[in-house]
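Novice: Protein sequences, first through last, are from chains C and E. Just so you know, we're using the working numbering here: the first sequence kicks off at 74 and counts up by one. Just so you know, we're using the working numbering here: the second sequence kicks off at 42 and counts up by one.
Honestly, the hints are just simulated from the structure, not real lab data. Note that the structure is a prediction, hence the values are computed from the model and not measured. Fair warning: there could be bad hints in the mix.
In silico lysine-lysine, DSBU-like type, Cα no more than 30 Å apart, as pairs [what the hints assert, rightly or not]:
no., chain 1, residue 1, chain 2, residue 2
1, E, 140, E, 110
2, E, 44, E, 93
3, C, 82, C, 130
4, E, 110, C, 82
5, C, 82, E, 95
6, E, 110, E, 93
7, E, 44, E, 95
8, E, 93, C, 82
9, E, 140, E, 95
10, E, 110, E, 95
11, E, 44, C, 130
12, E, 140, E, 44
13, E, 44, E, 110
14, E, 140, E, 93
15, C, 130, E, 140
Which residues of chain E face chain C? A partial, calculated answer using Cβ under 10 Å [unchecked claim]:
no., residue
16, 90
17, 100
18, 144
Chain E is faced by these chain C residues, among others (derived, beta-carbon under 8 Å) [as the list claims (entries may be wrong)]:
no., residue
19, 142
20, 176
21, 177
22, 178
Positions of the beta carbon are idealized from the N, C-alpha and C atoms, including for glycine.
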Amino acid sequence: DSGVTQTPKHLITATGQRVTLRCSPRSGDLSVYWYQQSLDQGLQFLIQYYNGEERAKGNILERFSAQQFPDLHSELNLSSLELGDSALYFCASSGGQGVSGANVLTFGAGSRLTVL
Amino acid sequence: LAKTTQPISMDSYEGQEVNITCSHNNIATNDYITWYQQFPSQGPRFIIQGYKTKVTNEVASLFIPADRKSSTLSLPRVSLSDTAVYYCLVGGPNFGNEKLTFGTGTRLTIIP
Numbered sequence: 074d075s076g077v078t079q080t081p082k083h084l085i086t087a088t089g090q091r092v093t094l095r096c097s098p099r100s101g102d103l104s105v106y107w108y109q110q111s112l113d114q115g116l117q118f119l120i121q122y123y124n125g126e127e128r129a130k131g132n133i134l135e136r137f138s139a140q141q142f143p144d145l146h147s148e149l150n151l152s153s154l155e156l157g158d159s160a161l162y163f164c165a166s167s168g169g170q171g172v173s174g175a176n177v178l179t180f181g182a183g184s185r186l187t188v189l
Numbered sequence: 042l043a044k045t046t047q048p049i050s051m052d053s054y055e056g057q058e059v060n061i062t063c064s065h066n067n068i069a070t071n072d073y074i075t076w077y078q079q080f081p082s083q084g085p086r087f088i089i090q091g092y093k094t095k096v097t098n099e100v101a102s103l104f105i106p107a108d109r110k111s112s113t114l115s116l117p118r119v120s121l122s123d124t125a126v127y128y129c130l131v132g133g134p135n136f137g138n139e140k141l142t143f144g145t146g147t148r149l150t151i152i153p
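Working from the sequences, and respecting the hints, build out all of it.
Specialist: Below, the structure written as C-alpha cells:
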C-alpha cells in the first residue's frame, strides 16, 4: 500500500457519460498529480495541484477538469466520454511539509476506465 | 522542461547486471534525476534519485557524470521479477510548479 488511495479501481461506462475519479494523497503530501496511461502507452501528465491550487497543466482535454479540496483530496472529472478516453488514470502525491529535495512521486494503484 | 530519451527496450539474462541510460541534455541546474519502475497495470514505483555523481541504495545504483546530461541506472544481478518498464524523470525541487513529464520508458525483459 503506497498510501495514495484511488477510487474506483474499475469503472465501465458509455460514450457521452461523465465520471469522477477520486484520489486521497499520502498523509502530509500537499501536491497531487494526475496522469493518463492508455494501453501500452507512456504516462501522460494531465494536471498538478498544490495545497488546493492548480500549479501546472499538461495536455488535459477541455472535457476534463480537476480540483483539490481543502482536505487535500483531489477529483478528476471526465465528461462527454469517448472511446479513446479508456485508460488507466493514476494519481500521485508528493511534497510533504518540511520535506526538502526533489519531487518524489508516490503513485496510487490507478483507476481503470473503460468507455463502451 | 528537460526532455528525456531512453532506449525503448532491453533484454538481459538472469543474474546479469543491467545498465539503462537516460539522456537529458537540457537538464536545469536545480533538477534532480529520479528513476521509477512500473509493472503492468500498477502505478510506477520510486527506485532511486540523485543530483550528481553516484547514489546507491539497496536495489540499484545511479551514475551521473559531471555534466549531468545523462544518467545510468544500474540493476545488479537481475531476476525475472525485474521485468518491468523503467522511467527516468527529471524535475526540480519540491513545491515546484512544473509538468513532471515521463518519457517513453525502457521496457526491460529478463530472460531465464
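Novice: Regarding the pair residue 93 (chain E) and residue 82 (chain C), is the alpha-carbon distance no greater than 30 Å?
Specialist: 38 Å, violated
Novice: Holds or violated: residue 44 (chain E) with residue 93 (chain E), Cα cutoff 30 Å?
Specialist: 18 Å, holds
Novice: Does residue 178 (chain C) pass the interface check with chain E, least Cβ-Cβ distance below 8 Å?
Specialist: 7 Å, holds
Novice: Is the shortest C-beta separation between residue 90 (chain E) and chain C less than 10 Å?
Specialist: 6 Å, holds
Novice: With a cut-off of 30 Å on the C-alpha distance, tell me whether residue 140 (chain E) and residue 110 (chain E) pass.
Specialist: Given pair residue 140 (chain E), residue 110 (chain E) holds - Cα atoms ~19 Å apart, limit 30 Å.
Novice: For residue 82 (chain C) and residue 130 (chain C), compute the direct alpha-carbon distance and say whether it is at most 30 Å.
Specialist: Holds, at about 24 Å.
Novice: Report holds or violated for the interface hint on residue 100 (chain E), using the least CB-CB distance to chain C and a cut-off of 10 Å.
Specialist: Hint violated; residue 100 (chain E) Cβ to chain C Cβ min 15 Å, cut 10 Å.
Novice: Is the hinted pair residue 110 (chain E) and residue 82 (chain C) satisfied, with a Cα-Cα distance of at most 30 Å?
Specialist: 38 Å, violated
Novice: Straight-line Cα separation of residue 110 (chain E) and residue 93 (chain E) no greater than 30 Å?
Specialist: OK: residue 110 (chain E) and residue 93 (chain E) at ~10 Å, within 30 Å.
Novice: Minimum Cβ distance from residue 142 (chain C) to chain E below 8 Å?
Specialist: For residue 142 (chain C), the interface hint is violated, since the closest Cβ of chain E sits about 19 Å away, which is over 8 Å.
Novice: Just to be careful, I want the Cα atoms of residue 110 (chain E) and residue 95 (chain E) compared with a cutoff of 30 Å; is the pair within it?
Specialist: Roughly 14 Å separates the two Cα atoms, so the pair holds.
Novice: Are residue 140 (chain E) and residue 93 (chain E) close enough, with their CA atoms no more than 30 Å apart?
Specialist: 22 Å, holds
The structure is inconsistent with the numbered hints 4, 5, 8, 17 and 19, although it conforms to all the rest.
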